[in-house]
Amino acid sequence: MPARRPLVNLRPMAGFIAALAALGLSPEVMARGSQCFIATADGRMRAWPGLGLQNTVQGGTIIMPASDGYASLGSVGSPGSGSLAASIANSLWYAGSGRLRFNGATIASLAASSTLSFLLRSGAAYGTTAYQAGRVAPSVPTLTGRDNVGGKINGELSMRFTRINSTTGGESDASEPTLPVTIIDGKAIASFDGMALDSNGQDKWGNYPSRIGFADKGPHYGLASVPEIADSALATLYGINRAYEFNFTDAQLDFEREAPIDNDPPPACTHVAALENIVIVFGCFGGTGVISSKPNFLEAFPIANLSFLPEAPVAVYPRPTQGFILVACRNSLYAVVYTGATPPYSLQSILPETGIAAHHNLCFAENEIYLFTERRGIGRVVGAGEVDYSFAQEVAEYTSGWTAANVVVGNDIPSQQVVYCHGSEILPYNKQTKKWGTPLPLSALRSGGAAAPLSGTIKACVTYQGKLYLAVDNGSIYALYRFNEGGGGSRAIYRSPWMPADRASESITRVKCAIDGSWNRASTLNLYRNGDSSAVETFAIGAQAGGNRMRHLETLKPGDAKNCESYALEWIVDSDDGSESILSALLEGVSSGVSL
Amino acid sequence: MIRSADNGDDIRLRRELSEMQGDLQKATKRIQQLEDSAVEAASQTATPGAGDNVLRNGEAEFSDDAYNDLGLGGDAAERIAFWSSHLSTDTLLAFTSSELLKASTHSAYAADDPDWEKTTGRIRLGTTRTISQQLPNRYAQQGSILYFQFTATLRTATALPAGLKFFAEIYDNTAGQEKIISGATLALTIAVQGTPGATTRQYRVIVTTDKGDTYQVDAAAIVNAPNSQSVVNYVRVSWTAIPGRVSARVEKLQGGVYALLTEIASGTTEYNDYGDAGTVIGAFSTGTFTAIRARIDDSSFAPAFGVINRYAYAIKIPEDYNISLTTGDQLLRIGLSAALTDARQLILDRFQLGFTWGGFQRSAADIAIVNPLSLTANPYGGLLPPATSDPYDAPDTGSGGPRREYTIA
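Chains as they are written, first to last, in the numbering used here: chain L, 96 to 691; chain X, 155 to 563.
Keep in mind that the hints were calculated from the coordinates and are not lab data. Treat the numbers as computed from the prediction; the structure is a model and nothing was measured. Yeah, the Cβ is synthetic: ideal placement off N, Cα and C, and Gly gets one too. Honestly, I wouldn't trust all of these hints.
Pair ranges (Cβ atoms, derived) [stated by the list, open to error]: (1) Arg471(L) - Ala375(X): 39 to 49 Å; (2) Gly478(L) - Gly176(X): 15 to 25 Å; (3) Asp206(X) - Tyr333(L): 28 to 38 Å; (4) Gly176(X) - Gly334(L): 38 to 48 Å; (5) Ala330(L) - Ala374(X): 43 to 53 Å; (6) Thr310(X) - Gly245(L): 29 to 39 Å; (7) Thr354(X) - Gly544(L): 50 to 60 Å; (8) Arg216(L) - Thr310(X): 51 to 61 Å; (9) Thr201(L) - Lys183(X): 46 to 56 Å; (10) Pro390(L) - Ala375(X): 35 to 45 Å; (11) Pro350(X) - Pro390(L): 35 to 45 Å; (12) Asp206(X) - Ser402(L): 38 to 48 Å; (13) Asp206(X) - Asn249(L): 35 to 45 Å; (14) Arg216(L) - Asp163(X): 30 to 40 Å.
Keeping only pairs whose Cα atoms sit at most 30 Å apart, straight-line, the calculated DSS-like set for lysine-lysine is [stated by the list, open to error]: (15) Lys562(L) - Lys319(X); (16) Lys299(L) - Lys183(X); (17) Lys607(L) - Lys657(L); (18) Lys312(L) - Lys282(L); (19) Lys312(L) - Lys365(X); (20) Lys526(L) - Lys365(X); (21) Lys470(X) - Lys312(L); (22) Lys299(L) - Lys312(L); (23) Lys183(X) - Lys247(L); (24) Lys562(L) - Lys529(L); (25) Lys333(X) - Lys470(X); (26) Lys470(X) - Lys282(L); (27) Lys299(L) - Lys247(L); (28) Lys333(X) - Lys180(X); (29) Lys333(X) - Lys312(L); (30) Lys319(X) - Lys365(X); (31) Lys299(L) - Lys470(X); (32) Lys333(X) - Lys365(X); (33) Lys526(L) - Lys562(L); (34) Lys529(L) - Lys607(L); (35) Lys247(L) - Lys282(L); (36) Lys247(L) - Lys312(L); (37) Lys180(X) - Lys247(L); (38) Lys333(X) - Lys319(X); (39) Lys282(L) - Lys333(X); (40) Lys319(X) - Lys470(X).
Okay, chain X solo, but in the shape it has when bound (with noise of 0.2 Å):
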């Protein structure tokens, strides 16, 4: 039945041509490892290269007056430069200087949590209130990812609640459409395959993540479905792959009942509906988000007493972030899930935010106020200290006062 001269030489062939291809691709391999090696013995000398930093204040060191030079005194010397609060509950953020953080010298300074602990550089959270920082125009590019990094300690050795997450997003804040940056609405592809029918359907699926997420997936009704299903006449429903996947509910709506057809596991991201009648349920489940976001949520945030932790994240702004809509500010916001038992007990420090990974080092901006060009501000005297990014240098002397030196832990 099958001619099997023909086909045995082609089967050689094609084994022999994958055995050569195989061998091929560990000659490279070797090869590369070998190139690698001389790049390894370089790399473990080397200090990590810093990344770049676009947040203004990183370190928290400087006073509205002094970084935008107001010349005012006063409370404008008592408010941090750049870092916003607001109730995790505000939408369309303001940024006036009332939203900036007191040190506890301000006249408006009535135990603010967050504030700003002046004399160390300091920002200190307790509670659900956000801490936000605007960014330059249109910073974040749809597909871009960002890095995000900080310190962090604790101020006293109470406890934190359990179930803490540390969340870091980035914000639009355009009127009408202020929210964290998403992509599309996630939305169900529908087709049709063999031969359409007249019966209406309406199917909708629920993703859920391993860190607990759930995606809500839905399509219009469909008018067409086969009035007689098979595996040749059937109705394929397909969605996005969302990363971090573990399970996907498949429910369907016919005739007014509404049916969970299946629970994938495979991380499959399409379902061919064959007919099935499903499991009767009441109504479809529903899902907390429509859209992938560019936030991170961190279930394993746990900075400890006495010890100064670096946290890091990569925030990826999704691929279908319409831009062309964010004509208001977008901002860096963070924040917690839940208060802490001690009022401002969570201490943050040297934060950074930019497109490549590294050691920490200070924003342009920053740089440009620590280093002046004015001579006659220069505290040295006239020479200008070097200008320096590594992160192992001693801090210059700021407008900020003296800050306490740390270990990274």
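Just chain L, with the same shape it has in the complex (with noise of 0.2 Å):
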């Protein structure tokens, strides 16, 4: 009787790898046909805890950080697209299309379109008040001479106008000047009879005056006695409705403020972002134009801010904190920063050959930028140019047939995972210890120590405040879940390789596991052979009592595994707290000479 000897001591510490190949992989390895394990800070494969549910909140299918909290564009039957982005007090910006929410919420009955438009923040919620960016000069209105009535002016003069949003600052282009009037020692009379307020937030009238003289010459300056009117000051002034009556010599004027000629609303646009006091706005001008606000004055855009790009974008991610805004084209990316010079930022390249399919295929993670490309799938961006898929070599094969436009990244910072989606599963990424995590399938969770699988697909993303939230489509909301939180847990399966006899064939006759964790649940053990698909013996091993620790289980005695050429084990457990570790099972055995 030939001694019993180990033959193979699996220690699934190393990552998932799902490659095909049936043999010749590492014993430290969770082969292809595991789930629910991801890799854990203190380099184990834990079992996965869940999601959890965030009642009362929805996402959408563009889900983004924006000011203190997140938000969405996008319902299921309307999916979103475009982006948003906070600015100057909290303001939040956004263009494109779909319904808009806040922290999950909606916000009245509001949707994004390509008009840019805004919303002031207030206390700690939006106002429900819309502003589109921008408005427009007003038709030129009326001035009129009073003479010898001893005023200030004396001689000919003409004035333009502008409108004001006094609550948001935005202020249009100055009309075209009025006509000239020829004053005496008198005073000038402005009538806005007829010409209306815009519904964009309009409360006051700008007015420029020219200096005596120049009235058909201009320039037209600011007076700084009188920078505005409000609509509501106007009146029937000597028979003339609406009026304002102005009394001012040249030395009132604000030489350093002429007459906006170049505060232009925005184009329409498929996506904006915020940078430092700018707002930019893409997608314009047929699709690949850019262009960004004067810097502090958010609702005007000059011609002389345009750029382009030489292909439209399909995502915009800001990233304030890092100073700069990331545009994902088709075939490319680049990074927007700031300069203050005209125009007051600076497209730069940073992969020219590798783009993205859609907004969710990409998200940051410190300083590396994790995305799923059309071309090669799964990569990230380690420097300017440069393009690192080796990380990925392991999964490389599982996601080849996934559809890129499908892909979901997001990152979770506590537990430094990198998540890869498509459809119902996950597919997590440590990329502290740098392995991978088996698939995490929506439909392996569970509940109460019962199966609860969650029937959906994940559609989008947002890291919140570090954590990772998804949003799933369930059929009538995009539901969503916090990854990695204690939900239910879910039903983990641990698959080894297929290790080959070291003999013609082989024995197995002990089992001798170390596990981790709670195991307070059941689990069954089973053992495979030469290629089977059937297990050729099972074990049913008992809860564990004694809560999270180190164990060594009572030897399992094989009598039906023999004969092996080659073996497998698997081991599947319905975790509910997602702290059950695999340390090692050592197989033992004696060669049988025999071969089948």
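Bring the two chains, given one by one in their own frames, into a single complex with the hints.
Encoded structure:
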């Protein structure tokens, strides 16, 4: 009788490898067929604790960090697109399509469109009045002179006027000049009779007189003593309706402030982002145009601030904490940085030949960018012009059939996981330990000790306060779930690689297991041989008592695992707390010398 | 990820360049202001220059008989030269002696409104009938601005109707297309972005101005709208920037369903249809106008009794006005939106229409009439009075009799 000897010590710490290769993998990996194990910071592979449903809030197809929370666009049945950004005074800017939400709650019935819009913050919430960015010059008001009334105006002048929204500070271009009026020792009366305010929050009129004698030449300057007129202050003066009387000399003109002629509203756009004290819109003028606002004048988009990308953007990611905006196109990636010049930004190429198909194909993790590309799948940007695909070789084959537009990439800081989601499963990567976890199918979720499969498709995600939130389309809403938080656990399955017999064949006679965690639920251990899909022997392992600790289980003694030319182990545990870890499974046996 | 060293130098250089450009602009501006001060000092003592005037009988002082030297006497001396009246509903306007404004001493005068106040050389109006004068051939060119001014006062102190508007327009009196001179019919520009599909869709935009005018902008239906729309595959709709616009309603028709897509209040003149269903409406809305016209409407027109005010307007001829189609006369046509309570209550005088803005002066044709070459007809006994265009000089004595001196308030 040959002596029993160790055959293989399975120590699944090295992460998941999805290679289809049947033999030859290390005994330290989890092989295809494994699920619901994630690589943790302590170097282990632990059962996945599941997802934590966030009641009362919803996501969208576009979810982004914004201000002190997160904002989204889109609803089930009406997918969103575009982007959102926070800027001065926590104003929330948005463009694209779909229903608008902040921190998972709708804001009235507001939805995005190609017209750049924004909301103002009031305390902890956003107001429900949506302002459209910008306004245009009014028609020319009427200017009349009153002579010989002891006024300060002597000579010929004209005036130009603007629309002002005093709440947002937005000001339009100046109107055409009024016809010149010659006044002798008098005052000027401007009438806005028959002229309506705009419907975009205008409540004041800006006024810009010319210097005396320059009525038909200009320029027109601001009036320091009366920089603007409230529409409510207009009255009937000397029989002139909706009028205001001016009385000033040239010395009172503000020569530093000329009538604006480049406060143009933004063009129709597909995306918006904010950077320092400007707002930038993308996807304008045919799709490749980029134009920014004036610094600190967020509703004015002069044509001098226009530039163009080589192709239309797919997604825009503001990174205010890092001082740039990432713009992703189908075939390239760019960074937009603030310069303060004209235009006040600069477009810089990061990846000239690599892009993404959808907004959710990319996420940030500290100084790295993790993405899923159409041509080569999983990758990460580690430097300008450099994409590392090598870190994903373990799972490249597994994801080769994924549809790029449906891949959702997210970052969960507490667990150090970067997740790649497709359909209804998640593939996690621990960027600290550089190990891949096994697939996490939503169908394997559990609750209260029973199966609780989550039907739905992962559509988007956002990292908010460091934690990853996944938006799952359940047919009626985009339900939000926190990644890796105890819900009810999951059905974790460890599948070892097929291990070849050292000799012609071997018989497994002992299985000695060391585990860590609670293992407070029963589990099942299966042995397979020779490529068979059915287990040659099954062991029911009872629930363990005593809490989270390392244990050495009672040695298992297989009787049927004989004449194995190759063998594999499978261990199924319905984890409810995400603590279970397999430290080792030592298989011992003897050579049988018989080849089946 | 971004090469910070290279980018930092680039950003710093851009900022420095921008600051230098700003300093240069400030210095240039200050120099210009110093130069302008001298001009300003001179202009404060100068009287305003005169504008040009193409209108004949701008002072409404001459009869048809006197101006055109008809030598007919009778009713020819009791009707005004060159100013005609028509119903506001008339389109192809006739310009015979019958249409010329009549003085009360005209044999066919029957409580006419408008009429010619011969003794004072003024025109009076109280109804919605319009007053017109033919302009020289092709006077109003596309893109030009015509400055129109006149004085106005009221014959009585009766209040004017609420909401009264005064209008002045340049009219195309060509048979078959008689209407206010207009630009091309406003049209939407439709562009499919990304991958076209096979969806049929039609759009309409209604632009409203701050004066309350509505413009309807249409386009033919497209048949290649993307089947599955997104920010990559969409339809871009754009339209002309109409001055004074405050809103634009974008509507679409697809599959027999009309929908309001958005109302743009920012003045942006384009919209991307990403496939939003919109709000269902019964039908397309309608706008009043489909082209930009050479016309002004003044809703603040409020002349007063006992005070003569000058009114001035800039009438812009649309850039895309097709002048080649105007084979008939161009006219200046003015009028009121509503009848006044008292007959002939509005009194108008000193008409001027020209390309340059300035003080009132008679047209060259009028000056030739006022200062004829024939010495025998000179009331000054052989000495020609100096020709003057200074509006502050006393007017010369003409064939229309003495004129009342009045003050421009």
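Each hint tested on the structure:
no.	hint	verdict
1	Arg471(L) - Ala375(X): 39 to 49 Å	43 Å, holds
2	Gly478(L) - Gly176(X): 15 to 25 Å	35 Å, violated
3	Asp206(X) - Tyr333(L): 28 to 38 Å	31 Å, holds
4	Gly176(X) - Gly334(L): 38 to 48 Å	46 Å, holds
5	Ala330(L) - Ala374(X): 43 to 53 Å	49 Å, holds
6	Thr310(X) - Gly245(L): 29 to 39 Å	31 Å, holds
7	Thr354(X) - Gly544(L): 50 to 60 Å	56 Å, holds
8	Arg216(L) - Thr310(X): 51 to 61 Å	58 Å, holds
9	Thr201(L) - Lys183(X): 46 to 56 Å	49 Å, holds
10	Pro390(L) - Ala375(X): 35 to 45 Å	43 Å, holds
11	Pro350(X) - Pro390(L): 35 to 45 Å	39 Å, holds
12	Asp206(X) - Ser402(L): 38 to 48 Å	45 Å, holds
13	Asp206(X) - Asn249(L): 35 to 45 Å	26 Å, violated
14	Arg216(L) - Asp163(X): 30 to 40 Å	37 Å, holds
15	Lys562(L) - Lys319(X)	64 Å, violated
16	Lys299(L) - Lys183(X)	28 Å, holds
17	Lys607(L) - Lys657(L)	17 Å, holds
18	Lys312(L) - Lys282(L)	21 Å, holds
19	Lys312(L) - Lys365(X)	27 Å, holds
20	Lys526(L) - Lys365(X)	62 Å, violated
21	Lys470(X) - Lys312(L)	19 Å, holds
22	Lys299(L) - Lys312(L)	26 Å, holds
23	Lys183(X) - Lys247(L)	25 Å, holds
24	Lys562(L) - Lys529(L)	19 Å, holds
25	Lys333(X) - Lys470(X)	16 Å, holds
26	Lys470(X) - Lys282(L)	28 Å, holds
27	Lys299(L) - Lys247(L)	24 Å, holds
28	Lys333(X) - Lys180(X)	49 Å, violated
29	Lys333(X) - Lys312(L)	34 Å, violated
30	Lys319(X) - Lys365(X)	11 Å, holds
31	Lys299(L) - Lys470(X)	27 Å, holds
32	Lys333(X) - Lys365(X)	21 Å, holds
33	Lys526(L) - Lys562(L)	15 Å, holds
34	Lys529(L) - Lys607(L)	28 Å, holds
35	Lys247(L) - Lys282(L)	7 Å, holds
36	Lys247(L) - Lys312(L)	21 Å, holds
37	Lys180(X) - Lys247(L)	28 Å, holds
38	Lys333(X) - Lys319(X)	19 Å, holds
39	Lys282(L) - Lys333(X)	40 Å, violated
40	Lys319(X) - Lys470(X)	18 Å, holds
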